[in-house]
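Trainee: This is what each chain is made of:
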Amino acid sequence: MSILLDKSNRVLIQGVTGQMGQFFVEDARKYGTNMVAGVSPGRAGTKVGDVPVFASVAIACKETGADTAMVFVPPSAVLGATIEAIESGCRLVVATADEMPVLDAIEVRAAARANGAVFVGPNTPGLISPGKAKMGFMPSFCYTPGNVGVISRSGSLSYEGSKRITLAGIGQTTVVGIGGDPVKGTTAAEALALFHKDPDTKAILYLGEIGGSEETFVAEYAASSGAKAVAALIVGKTAPPGKKMGHAAALIGSKAEGHAAKQKMLRDAGVFVADGLGQVVEAMRAALARA
Amino acid sequence: MSILLDKSNRVLIQGVTGQMGQFFVEDARKYGTNMVAGVSPGRAGTKVGDVPVFASVAIACKETGADTAMVFVPPSAVLGATIEAIESGCRLVVATADEMPVLDAIEVRAAARANGAVFVGPNTPGLISPGKAKMGFMPSFCYTPGNVGVISRSGSLSYEGSKRITLAGIGQTTVVGIGGDPVKGTTAAEALALFHKDPDTKAILYLGEIGGSEETFVAEYAASSGAKAVAALIVGKTAPPGKKMGHAAALIGSKAEGHAAKQKMLRDAGVFVADGLGQVVEAMRAALARA
Amino acid sequence: MMMLECDAKRLLASVGVNVPAGTVWRRGDAAASVKVESFPVAVKAQVRSGGRGKQGGVQKVADRAALEVAAKKMFDTEFGGEKPDVLLIEPWLAIERESYLSVAVDGRAEGYVVLYSPQGGMDIEEGVPPVRYEVGAPWNFRVHRLREILEKVESDYQWREKVIALAQRLVRSAAAQDCTTIEINPLVKLSDGALIAADAKVARDEWAHFRSAEINAEREAEKGRADPYLRACLDMQHMYVKLDGDIGVISGGAGMTMGAMDMIAELGGSPACFLDCSPGPTSTRGYRPAFAMLDADPAVKVILVSVFGGGTQMQRVATSMKEVMAERKSSKPVIYRLDGTNVDQVDGIFKEFGAHNHATLETAVAEAVKLAGGAR
Amino acid sequence: MMMLECDAKRLLASVGVNVPAGTVWRRGDAAASVKVESFPVAVKAQVRSGGRGKQGGVQKVADRAALEVAAKKMFDTEFGGEKPDVLLIEPWLAIERESYLSVAVDGRAEGYVVLYSPQGGMDIEEGVPPVRYEVGAPWNFRVHRLREILEKVESDYQWREKVIALAQRLVRSAAAQDCTTIEINPLVKLSDGALIAADAKVARDEWAHFRSAEINAEREAEKGRADPYLRACLDMQHMYVKLDGDIGVISGGAGMTMGAMDMIAELGGSPACFLDCSPGPTSTRGYRPAFAMLDADPAVKVILVSVFGGGTQMQRVATSMKEVMAERKSSKPVIYRLDGTNVDQVDGIFKEFGAHNHATLETAVAEAVKLAGGAR
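Residue numbers (my numbering), protein chains in the order written: chain A, 337 to 627; chain B, 337 to 627; chain C, 160 to 535; chain D, 160 to 535.
In short, the hints are calculated from the structure, not lab data.
Here the structure is a predicted model, which is why all the values come from computation and not from measurement.
It is possible that some hints are incorrect.
Said to hold, decoys possible - Simulated DEER-style distance windows between Cβ atoms: (1) A:592 with C:312: 52 to 62 Å; (2) D:376 with C:484: 36 to 46 Å; (3) C:312 with D:194: 55 to 65 Å.
Ideal Cβ positions, reconstructed from N, Cα and C, are used throughout, including at glycine.
Sequences are here, hints too, so could you generate the full structure?
Mentor: Written out as structure tokens, the structure is:
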């Protein structure tokens with residue numbers, strides 16, 4: 337099994353007529369993602385590849401049974417597009433866009449919660465359930481089906497981390513990018529809860545960063561009774577305090593948000609913590625050995 | 337019967353230790369209003385008259401069974417106090433305050449709707465169910481029990497109008513001031529619906545003004561099948577366009593908001609329209625004759 | 160509180176809305192100090208009342224000399240009773256089309272409403288009514304709901320998407336800045352397809368003054384534009400609208416004040432003003448400047464005091480009247496009709512200074528009309 | 160984007176928050192042009208980094224002469240690596256007590272959180288942690304919820320009510336103006352009981368630039384403060400943090416950039432920077448200024464290009480590298496590790512200009528560390 341995404345998701349693409357939308361239709365379809373509709377106001381009736389384009393998410397859902405949305409619109413339009421998808425009945429909405437104002441993310445998160453939908457984003461590579469479907473631009477060769485759930489705050493780090501375990505023969509149920517922004521559509525806590533319930537997920541790999549408090553969710557989960565084994569990597573050992581390291585949330589604002597404090601907190605909670613990328617496979621193996 | 341307010345309401349006063357709060361406790365109790373609690377953060381444990389003071393609405397409701405709130409706090413604090421009352425379970429919340437920012441009124445209205453409560457205000461004299469209870473400073477001698485429901489956009493105009501029909505022997509079920517602001521806790525439409533359902537209310541007197549669109553609700557109601565008879569007075573025949581006549585909503589912004597257009601709309605809908613205060617009793621009698 | 164167009168556009172620009180790059184010419188500025196980069200330009204009288212366009216308050220001028228002539232004339236012209244203290248000079252726009260967009264507080268919408276019309280311009284009220292999107296609380300704005308509504312009237316989808324994004328910005332800004340209206344008319348499509356707010360009206364909620372230094376400053380500026388009599392009234396929170404007649408009305412409550420005005424007209428008289436004293440202190444301190452203003456106004460022949468009080472107690476009002484009359488110089492007649500809480504104590508107090516309280520509005524108004532010169 | 164204290168206080172004042180009546184002294188202003196009404200005053204270095212108080216960045220001066228001495232010295236001092244271009248001069252406050260209030264975006268709160276501590280001041284991080292009120296979406300702020308929380312730690316109810324009203328204002332303003340943090344520390348109670356924001360930190364969300372002219376201007380100003388090399392990088396949306404080491408890192412993605420930095424340290428080297436080029440164009444146009452900046456930086460001995468791309472296609476990055484190298488003057492060694500989408504096309508392109516693509520980050524970093532002078 338997997339979380340959130342598999343072959344049953346019927347995917348529509350908002351902003352499908354843009355460059356990213358068109359590339360996604362081709363790339364994700366190749367991987368097996370079930371692409372059923374595109375949405376582009378003003379372009380209804382046209383096609384992108386063989387995907388029919390509709391004027392609104394509501395119409396696309398009605399006509400094609402779409403239940404999952406991938407959003408490719410400019411940052412200032414993400415708010416409107418994601419809420420449209422959520423309120424038109426999509427159960428999963430993914431917006432990879434960076435540069436989304438945090439206030440907009442707050443609004444989308446509130447709307448998702450009110451409608452029982454899952455929002456993944458912003459500032460995320462998306463998610464992939466290897467061998468089933470992907471929603472994002474992740475390089476497919478980094479992944480293979482298996483029994484580890486991967487959660488990452490960063491895009492390319494999730495490619496790197498996944499490739500490492502894949503090459504070591506460790507496959508994944510789902511790899512989900514929760515994003516580098518402070519307010520997330522799906523938090524580490526929520527992703528952990530989903531993996532916890534997934535019978536095929538035996539252990540979890542968490543790829544985190546300095547800054548913010550997301551890692552406290554991971555420690556809380558790992559310390560809870562009956563938790564699945566967790567391995568983790570925290571990058572940013574060499575990041576100075578008080579500086580934003582690319583991601584809005586990657587800023588050491590207090591001691592607790594620093595690298596040493598996070599590693600200690602995770603280790604104290606029973607997480608198998610890799611000391612650098614070179615140890616990810618080792619930590620993962622240790623976690624699986626306990627699983 | 338009556339609408340919204342009778343002897344069953346258990347009333348708490350927010351801002352009870354202020355000058356208005358104290359006057360209200362005395363005046364409304366004299367009329368028969370069932371006053372059970374006061375709220376004043378920091379003054380819990382004291383009394384105003386024989387009314388015990390609590391730190392929060394939630395505690396006051398729990399301790400005294402209060403279910404109705406009268407809010408006497410400064411304009412900038414009305415938002416917080418009314419939402420506290422609504423979310424602590426009060427079914428009726430009255431805020432007479434003028435000078436409440438319209439955005440705050442919008443928020444309170446949304447909260448009332450979400451919680452199934454009724455908000456009356458802002459910028460209103462409150463409401464009175466003659467012979468039963470009053471929530472406001474209206475002069476008691478202007479009212480007598482009877483079978484007319486009165487709705488007014490203006491405070492003193494409702495005293496004047498009510499006194500005129502009272503002196504003519506026409507009593508009231510309830511007189512409700514919906515207020516002079518554009519966004520109302522209770523609209524004319526909602527007050528009409530309540531009077532429509534009240535078996536003791538035989539006819540309705542609506543006291544309106546130029547500006548805004550509240551009167552369209554009245555026309556819509558009067559024209560609907562099975563509507564109770566409605567008499568109305570619209571003041572502001574001599575008001576110039578484009579000027580705010582005291583109330584934020586009393587501004588003729590378009591022809592439809594002018595005096596002549598409103599009178600015509602109401603007459604066309606079958607409302608008995610008084611041409612000036614001097615004709616209110618006559619219009620009311622005509623309405624009752626049809627009732 | 161209506162803002163001047165130049166201030167409204169400053170607000171719009173601050174939230175990223177495209178507006179013409181204007182220059183402001185204040186009354187008294189030396190012509191030489193007003194920099195204009197290129198001609199032709201629009202010269203626009205900055206007044207708060209509407210309809211300026213039809214009164215010559217917007218002019219196209221082709222060169223510097225014409226600008227100075229037009230400016231001089233505009234500074235000396237009244238538009239809707241108001242002489243401009245400021246002119247706005249803007250590059251003349253290459254207009255491809257004009258539409259209409261506004262965001263306003265609306266009772267029926269229980270909050271904000273968005274209005275759009277594909278045709279904008281001066282005659283908006285005469286044409287097909289704009290389409291309405293009832294937003295309600297500002298956080299309920301939905302791009303896809305507005306799109307659904309606009310699809311029916313606006314066929315240019317690229318323009319439509321620009322309008323939607325703009326409307327979203329305006330609703331957000333209206334809430335953020337306590338605006339009750341933001342109207343862009345015309346909303347212009349330039350020949351290069353870009354969107355620009357060619358004219359803008361913004362009204363702000365004066366009751367939000369405690370959380371906005373700008374609104375607070377605007378309220379003070381409004382008082383500053385008033386004459387000293389009116390300023391004293393505004394300092395007491397009185398609400399005043401000048402009218403054409405000769406019977407001054409001192410009243411309490413907006414509805415009742417209009418009710419008295421209407422009855423004056425009905426009985427053949429003519430009200431000189433709307434003057435609602437209830438928001439301020441209903442005491443000697445509060446009423447004193449109201450009488451001072453009406454006493455000083457040569458148009459006012461008679462003063463009608465009409466107060467029907469609930470929380471305002473009549474024995475206090477009566478005492479205030481006694482005190483004001485004791486210090487008053489003017490001999491303009493004053494007619495009283497006090498009613499409401501504790502009205503039974505009024506006659507006793509009135510007796511002390513020889514005043515008479517009318518039992519009904521009808522008799523009070525009739526006497527005022529008679530004293531003002533009788534029914535016309 | 161952190162605002163200077165003086166700008167943060169201007170923002171607070173604009174929403175009706177009480178702040179000291181300060182005067183701004185900009186570098187280069189003549190001393191005589193700086194008006195101070197009365198002494199003593201606080202002279203405060205305006206820098207974006209924290210901890211200024213402990214470095215002498217806030218001084219009490221008793222007279223004009225002392226002010227000028229203190230100002231001269233402050234303009235020449237670095238606080239957290241930053242020389243102030245502006246000083247803020249404020250009346251010295253009669254402080255009765257200091258507390259702490261902030262409103263910030265918080266992941267756990269799914270939106271805004273309000274933090275309050277009855278004791279404010281410089282050592283806030285060392286003391287009892289502030290109490291938290293998780294607001295979430297800004298329209299969910301509830302006066303009574305915050306009151307419940309504050310009742311447990313703040314016994315002065317009059318002060319408590321002032322703090323609650325202020326917090327409400329701050330949440331509203333943070334949302335209205337896209338602030339991610341508004342921190343008032345200390346929040347001061349004056350001897351007359353009034354509340355005043357003695358110091359303030361405001362951070363704004365740079366991604367809201369499209370709806371805020373102020374944020375947009377601040378972004379431009381930030382670029383303006385950068386040297387021309389960095390400015391060219393910022394124009395390309397690159398994200399850069401200077402570090403102490405000698406291995407320049409050109410990378411894509413914040414996490415992967417830090418991962419590479421950490422591995423450099425692990426293998427005995429030292430990163431010279433965090434430079435994430437993924438937000439901008441990953442083309443020759445995008446990478447050119449990144450190389451130009453690192454080539455010009457004398458501290459950088461080696462450049463490590465580490466890109467693991469998904470949407471970013473490696474054959475394009477490889478071609479960009481070829482083009483950049485063809486025009487590049489510097490002879491600093493460049494080590495490559497490209498991986499991700501279409502990585503199989505990289506070797507062919509690299510062969511054209513004699514470059515080698517490392518298969519793993521480990522070998523790439525090891526070579527960079529060796530070239531930079533070996534493990535220390």
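Trainee: Now look at each hint and say whether the structure bears it out.
Mentor: Verification of the hints:
1. A:592 with C:312: 52 to 62 Å: holds (55 Å)
2. D:376 with C:484: 36 to 46 Å: This hint is violated: roughly 59 Å between Cβ atoms.
3. C:312 with D:194: 55 to 65 Å: Between residue 312 (chain C) and residue 194 (chain D), where Cβ atoms are some 57 Å apart, the hint holds.
Going through the hint list in order, the structure does not satisfy hint 2, though it satisfies all others.
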